[in-house]
Amino acid sequence: MKYTAEINVMPLKALLDPQGKAVQARLHDMGLKAVDNVRIGKRITLEVEAPDEKKASLMVEKACKDLLHNPIMESYEFTLHK
Numbered sequence: 001m002k003y004t005a006e007i008n009v010m011p012l013k014a015l016l017d018p019q020g021k022a023v024q025a026r027l028h029d030m031g032l033k034a035v036d037n038v039r040i041g042k043r044i045t046l047e048v049e050a051p052d053e054k055k056a057s058l059m060v061e062k063a064c065k066d067l068l069h070n071p072i073m074e075s076y077e078f079t080l081h082k
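For the sequence shown, position 20 (counting from the first letter as 1) is numbered 20 according to the numbering used here, and the numbering increases by one without interruption.
Check each hint, because a few of them may be wrong.
[What the hints assert, rightly or not] Straight-line distance between alpha carbons at most 25 Å, and here's what the computed DMTMM-like set of lysine to aspartate or glutamate pairs gives:
1. Lys82 <-> Asp66
2. Lys82 <-> Glu47
3. Lys42 <-> Glu77
4. Lys82 <-> Asp52
5. Lys54 <-> Asp66
6. Lys33 <-> Asp17
7. Lys62 <-> Glu74
8. Lys42 <-> Glu53
9. Lys54 <-> Glu6
10. Lys42 <-> Glu61
11. Lys65 <-> Glu77
12. Lys55 <-> Glu74
13. Lys13 <-> Asp36
14. Lys42 <-> Asp66
15. Lys62 <-> Glu49
16. Lys65 <-> Glu53
17. Lys55 <-> Asp66
18. Lys65 <-> Glu49
19. Lys62 <-> Glu47
20. Lys2 <-> Glu49
21. Lys13 <-> Glu61
22. Lys2 <-> Glu53
[Claimed, not checked] Restraint-style ranges between C-beta atoms, simulated for each label pair:
23. Arg26 <-> Lys62: 32 to 42 Å
24. Glu53 <-> Val23: 30 to 40 Å
25. Gly31 <-> Leu58: 39 to 49 Å
26. Asp52 <-> Leu27: 37 to 47 Å
27. Leu12 <-> Val35: 13 to 23 Å
28. Lys21 <-> Lys55: 33 to 43 Å
29. Ala25 <-> Met1: 39 to 49 Å
30. Ala14 <-> Lys62: 21 to 31 Å
31. Pro51 <-> Met30: 46 to 56 Å
32. Ala22 <-> Glu53: 35 to 45 Å
33. Asn8 <-> Ala34: 18 to 28 Å
These aren't lab readings, by the way, just hints derived from the structure by calculation.
Beta carbons: idealized from backbone N, C-alpha and C, even for Gly.
All chains, full assembly: derive it from the sequences and hints.
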């Protein structure tokens, strides 16, 4: 069965996000002062061929841990869809 994984990778909350801060400052310059705590991350989608959802989830978990995120600076979460 084919599954689609939607993966969100974000900077850890404890770390400064300079890109998010720059975007937030620009939004404030545009008059959007109510916008706060802007964080910039990555969204990754991929397809996985697996016999069941558990095995697909394990493959996506391995891809995230081994390649798609930096555990020192980022966290991730994902969802699977058939």
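Structure-based check of each hint:
no.: 1; hint: Lys82 <-> Asp66; result: holds, 24 Å
no.: 2; hint: Lys82 <-> Glu47; result: holds, 10 Å
no.: 3; hint: Lys42 <-> Glu77; result: holds, 11 Å
no.: 4; hint: Lys82 <-> Asp52; result: holds, 10 Å
no.: 5; hint: Lys54 <-> Asp66; result: holds, 18 Å
no.: 6; hint: Lys33 <-> Asp17; result: holds, 18 Å
no.: 7; hint: Lys62 <-> Glu74; result: holds, 15 Å
no.: 8; hint: Lys42 <-> Glu53; result: holds, 23 Å
no.: 9; hint: Lys54 <-> Glu6; result: holds, 15 Å
no.: 10; hint: Lys42 <-> Glu61; result: holds, 16 Å
no.: 11; hint: Lys65 <-> Glu77; result: holds, 11 Å
no.: 12; hint: Lys55 <-> Glu74; result: holds, 24 Å
no.: 13; hint: Lys13 <-> Asp36; result: holds, 14 Å
no.: 14; hint: Lys42 <-> Asp66; result: holds, 16 Å
no.: 15; hint: Lys62 <-> Glu49; result: holds, 14 Å
no.: 16; hint: Lys65 <-> Glu53; result: holds, 18 Å
no.: 17; hint: Lys55 <-> Asp66; result: holds, 16 Å
no.: 18; hint: Lys65 <-> Glu49; result: holds, 19 Å
no.: 19; hint: Lys62 <-> Glu47; result: holds, 14 Å
no.: 20; hint: Lys2 <-> Glu49; result: holds, 4 Å
no.: 21; hint: Lys13 <-> Glu61; result: holds, 21 Å
no.: 22; hint: Lys2 <-> Glu53; result: holds, 9 Å
no.: 23; hint: Arg26 <-> Lys62: 32 to 42 Å; result: holds, 37 Å
no.: 24; hint: Glu53 <-> Val23: 30 to 40 Å; result: holds, 35 Å
no.: 25; hint: Gly31 <-> Leu58: 39 to 49 Å; result: holds, 47 Å
no.: 26; hint: Asp52 <-> Leu27: 37 to 47 Å; result: holds, 43 Å
no.: 27; hint: Leu12 <-> Val35: 13 to 23 Å; result: holds, 21 Å
no.: 28; hint: Lys21 <-> Lys55: 33 to 43 Å; result: holds, 40 Å
no.: 29; hint: Ala25 <-> Met1: 39 to 49 Å; result: holds, 46 Å
no.: 30; hint: Ala14 <-> Lys62: 21 to 31 Å; result: holds, 25 Å
no.: 31; hint: Pro51 <-> Met30: 46 to 56 Å; result: holds, 50 Å
no.: 32; hint: Ala22 <-> Glu53: 35 to 45 Å; result: holds, 39 Å
no.: 33; hint: Asn8 <-> Ala34: 18 to 28 Å; result: holds, 24 Å
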